[in-house]
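Undergrad: Given next are the chains, with one letter for each unit.
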Amino acid sequence: MNYGQRGRELLLDLKRSDWLPPYNEDCVRAVLQEINSHTEELTVLVRASNRIAGGGPTSSSSSAPPPGPAIEDRPSLILHDVSIRRNKRCLLAYHAHRIDKLRSLRWETGMLPPGLKFVLSESEVDYFNEYDKLASRHGLSGPMQMYDWTADQYPPEENLVQVRVVRDGLGKVETEYCGTVELEVGSTHYLPRGDVEHLIRSGALVQLSGEESF
Amino acid sequence: MADLDNLLDDINNDDESNADEDYQDQQNYYPGADGIPARSGVPSALAAAAARRRQLGSNDARDAGGEERDYRAAARFDREDDDDDVDEEEDEDDDGRNYNPDYETLKALWTSEMACPELLPHDAETVLHIVEELTGKEELIDDLIQRSRQQGRHQQSREASGELASLVAQITKMDSDRTRFMLVDWARTRMAKIENHALHNRSLVDRMTKEERSYLRQYGELLEKHYRRTVLDHLPKDAWKKLDEPEMIDSPDLEQFVFCRVVEMVQIDVRGELGALNEDLADEEDEFGENIQEHAAGSYLIVMYKQVRDLVLEGKVELLM
Chain A
1 MNYGQRGREL LLDLKRSDWL PPYNEDCVRA VLQEINSHTE ELTVLVRASN RIAGGGPTSS
61 SSSAPPPGPA IEDRPSLILH DVSIRRNKRC LLAYHAHRID KLRSLRWETG MLPPGLKFVL
121 SESEVDYFNE YDKLASRHGL SGPMQMYDWT ADQYPPEENL VQVRVVRDGL GKVETEYCGT
181 VELEVGSTHY LPRGDVEHLI RSGALVQLSG EESF
Chain B
1 MADLDNLLDD INNDDESNAD EDYQDQQNYY PGADGIPARS GVPSALAAAA ARRRQLGSND
61 ARDAGGEERD YRAAARFDRE DDDDDVDEEE DEDDDGRNYN PDYETLKALW TSEMACPELL
121 PHDAETVLHI VEELTGKEEL IDDLIQRSRQ QGRHQQSREA SGELASLVAQ ITKMDSDRTR
181 FMLVDWARTR MAKIENHALH NRSLVDRMTK EERSYLRQYG ELLEKHYRRT VLDHLPKDAW
241 KKLDEPEMID SPDLEQFVFC RVVEMVQIDV RGELGALNED LADEEDEFGE NIQEHAAGSY
301 LIVMYKQVRD LVLEGKVELL M
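If you read the sequences in order, they're chains A and B.
Going by the UniProt record's numbering, 44 is the number at position 44 of the first sequence; the sequence numbering is gapless.
Going by the UniProt record's numbering, 110 is the number at position 110 of the second sequence; the sequence numbering is gapless.
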């Protein structure tokens, strides 16, 4: 068996993909399996060395070996222990990277796009939902509770923005001081940024800029 | 923010000045007349332009030269009035800008937080002040929009001041939007930092607010739950199930290089980490004191964060983006 290979494979998987690769459950399980086999061998070794230490001669007290496993067993013990730690580290890094991406996804879109669900594990979907709840709750505590924390990902430049509607069936939108506006596919509008920002972020409207808007 | 308050004053005065507009108009007919009384809160250039427009509508017959002179007279009064204002308003800057200390503090907090690899102390007082100010501005915007609508609807001739109110509303809105963005983005940056180094930040709880502390705790629980479910629970022995062994805790990269500005004279030890190989060399240099650099206030540096960390916390060095 190629020790340590699967853990590396997991991390390379992350590196090769654009956003996130599908959750590689088989590989994760294989790494956990590897950890288990290391543990088994480790237990056997420890038992064996204990037996020797326990049954060995204890007569010459002056030159007694230091307590613990025999010197010739130590390298393999250490090697197994280090392998387990390395595999654990690979696994944690794999999961940590994935939830980092999930967190930034939450700030960008505010919800889990259905098309992305298949790349996540069950536990990750739960994590996303709970994180979403937690972050919203944090936004609602303290002195800044009246502001929308997910609005304005970038510094605001204009009060009014030129937008084109690209999604069907948005209906009407209520604006602060432009009255109610009917959002038909293909039409362009000049609307207060705050009122349509969430639609721009979810991709229902496209913000036009520069030459395009005229 | 520059002339916004002047504009606001002007709008408020507008209602009163309507009453004696006849008198003013009279003055305008005879631009050469001396001793034009200084109105309280003389408008800034924008307001003057609006007034001029009003006159244009009401008085086509007047010659352009008189108009020009009239405009200059208004501008002169404007300047004199500004000079008087300086005594009354202590917050006014040299270049006549309104200087808002809370806003400047917020800006500094935000830029430092963005540039700094680790979490910086929170400033609850500034946040409260800014929030109060933003609330006040929102009311002001609503009020102005209301006013511009009413005036726009009722009297055609009063349109100029309606437009002015609407313009001021837009400027105020832009201003408060930007301030709000900084405030919220600052809070978001802090939140992201708390999440990224959740375990490490347990040692920095004194830099957080009550809400942030409870958020850290809750997020830590969530994180641990996720790791337990995916990895740790499948590990065979308790000894390996730990998540908080010292070498596992991900801490911010304090050796990152940052841009900073020196606020007051500082001494920076630029020696950094030394390997065993050039230790002798370092000792030699130490004798000459070449590792300590002195930087005067106002100089800009690119330096490893670790070496200015204490100075940043003392406020002697400002981080820039």
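Check before you lean on any hint, since a few could be wrong.
Said to hold, decoys possible - Straight-line alpha carbon distances no greater than 30 Å define the calculated BS3-like cross-link-like pairs of lysine-lysine that follow:
id, chain 1, residue 1, chain 2, residue 2
1, A, Lys-15, B, Lys-242
2, B, Lys-137, A, Lys-101
3, A, Lys-101, A, Lys-172
4, A, Lys-101, B, Lys-316
5, A, Lys-133, B, Lys-241
6, B, Lys-210, B, Lys-225
7, B, Lys-210, A, Lys-172
8, B, Lys-242, A, Lys-133
9, A, Lys-101, B, Lys-107
10, A, Lys-15, B, Lys-107
11, A, Lys-133, B, Lys-210
Unchecked claim - Distance windows between CB atoms, simulated:
id, chain 1, residue 1, chain 2, residue 2, range
12, B, Ala-192, A, Glu-40, 33 to 43 Å
13, B, Lys-237, A, Ser-202, 38 to 48 Å
14, A, Leu-116, B, Arg-178, 39 to 49 Å
15, B, Lys-242, A, Gly-171, 29 to 39 Å
16, B, Glu-224, A, Thr-175, 20 to 30 Å
17, A, Leu-140, B, Arg-178, 38 to 48 Å
18, B, Lys-242, A, Arg-74, 18 to 28 Å
19, B, Val-205, A, Gly-203, 32 to 42 Å
20, A, Pro-114, B, Gln-218, 36 to 46 Å
21, A, Trp-107, B, Lys-237, 21 to 31 Å
If you are wondering where the hints come from, they were derived from the structure by calculation, not from laboratory data.
Note that the structure is predicted; figures quoted are calculated from it, not measured.
Idealized CB from N, CA, C, for every residue including glycine.
Undergrad: Each of the hints needs a verdict: does it hold here or not?
TA: Structure-based check of each hint:
Restraint check for Lys-15 (chain A) and Lys-242 (chain B): the C-alpha separation of about 26 Å stays at or below 30 Å, so the hint holds. A threshold of 30 Å between alpha carbons decides the hint, and for Lys-137 (chain B) with Lys-101 (chain A) the separation of about 37 Å lies outside it, so the pair is violated. Annotation: proposed proximity of Lys-101 (chain A) to Lys-172 (chain A) is violated, straight-line Cα distance about 33 Å (limit 30 Å). At most 30 Å may separate the alpha-carbon atoms for a hinted pair to count; Lys-101 (chain A) and Lys-316 (chain B) exceed this at roughly 36 Å.
Distance hint between Lys-133 (chain A) and Lys-241 (chain B) is fulfilled; the C-alpha atoms sit about 27 Å from each other, no more than 30 Å. Restraint check: the Cα-Cα separation between Lys-210 (chain B) and Lys-225 (chain B) comes to about 23 Å, which is no more than 30 Å; the hinted pair holds. Between Lys-210 (chain B) and Lys-172 (chain A), the direct Cα distance comes to roughly 41 Å. Violation of the 30 Å bound is thereby established for this hinted pair. With a C-alpha separation of about 27 Å, the suggested pairing of Lys-242 (chain B) with Lys-133 (chain A) holds against the 30 Å cut-off.
For the given pair, Lys-101 (chain A) sits about 28 Å from Lys-107 (chain B) by alpha-carbon distance, which is consistent with the 30 Å threshold. With a C-alpha separation of about 36 Å, the suggested pair Lys-15 (chain A) and Lys-107 (chain B) falls outside the 30 Å cut-off, and the hint is violated. Using a Cα cut-off of 30 Å, the hinted pair Lys-133 (chain A) and Lys-210 (chain B) holds, with the two alpha carbons roughly 19 Å apart. For the pair Ala-192 (chain B) and Glu-40 (chain A), the supplied restraint of 33 to 43 Å holds, since their beta-carbon distance comes to about 42 Å.
Take Lys-237 (chain B) and Ser-202 (chain A): their Cβ atoms lie about 47 Å apart, and the range 38 to 48 Å holds. A beta carbon spacing of about 33 Å between Leu-116 (chain A) and Arg-178 (chain B) contradicts the range 39 to 49 Å that was offered as a hint. For the pair Lys-242 (chain B) and Gly-171 (chain A), the beta carbons lie near 53 Å from each other, so the given range of 29 to 39 Å is not met. Taken as a hint, the range 20 to 30 Å is violated for the pair Glu-224 (chain B) and Thr-175 (chain A), whose Cβ atoms sit roughly 44 Å apart.
Separated by about 23 Å at the C-beta atoms, Leu-140 (chain A) and Arg-178 (chain B) break the suggested range of 38 to 48 Å. For Lys-242 (chain B) and Arg-74 (chain A), the Cβ-Cβ distance of about 23 Å falls inside the hinted range of 18 to 28 Å, so the restraint holds. For Val-205 (chain B) and Gly-203 (chain A), the Cβ-Cβ distance of about 39 Å falls inside the hinted range of 32 to 42 Å, so the restraint holds. The given range of 36 to 46 Å is broken by Pro-114 (chain A) and Gln-218 (chain B), whose C-beta atoms sit roughly 27 Å from each other.
Between Trp-107 (chain A) and Lys-237 (chain B) the beta carbons are some 38 Å apart, a value that contradicts the proposed interval 21 to 31 Å.
When held up to the earlier numbered hints, the structure conflicts with 2, 3, 4, 7, 10, 14, 15, 16, 17, 20 and 21 and fits the remainder.
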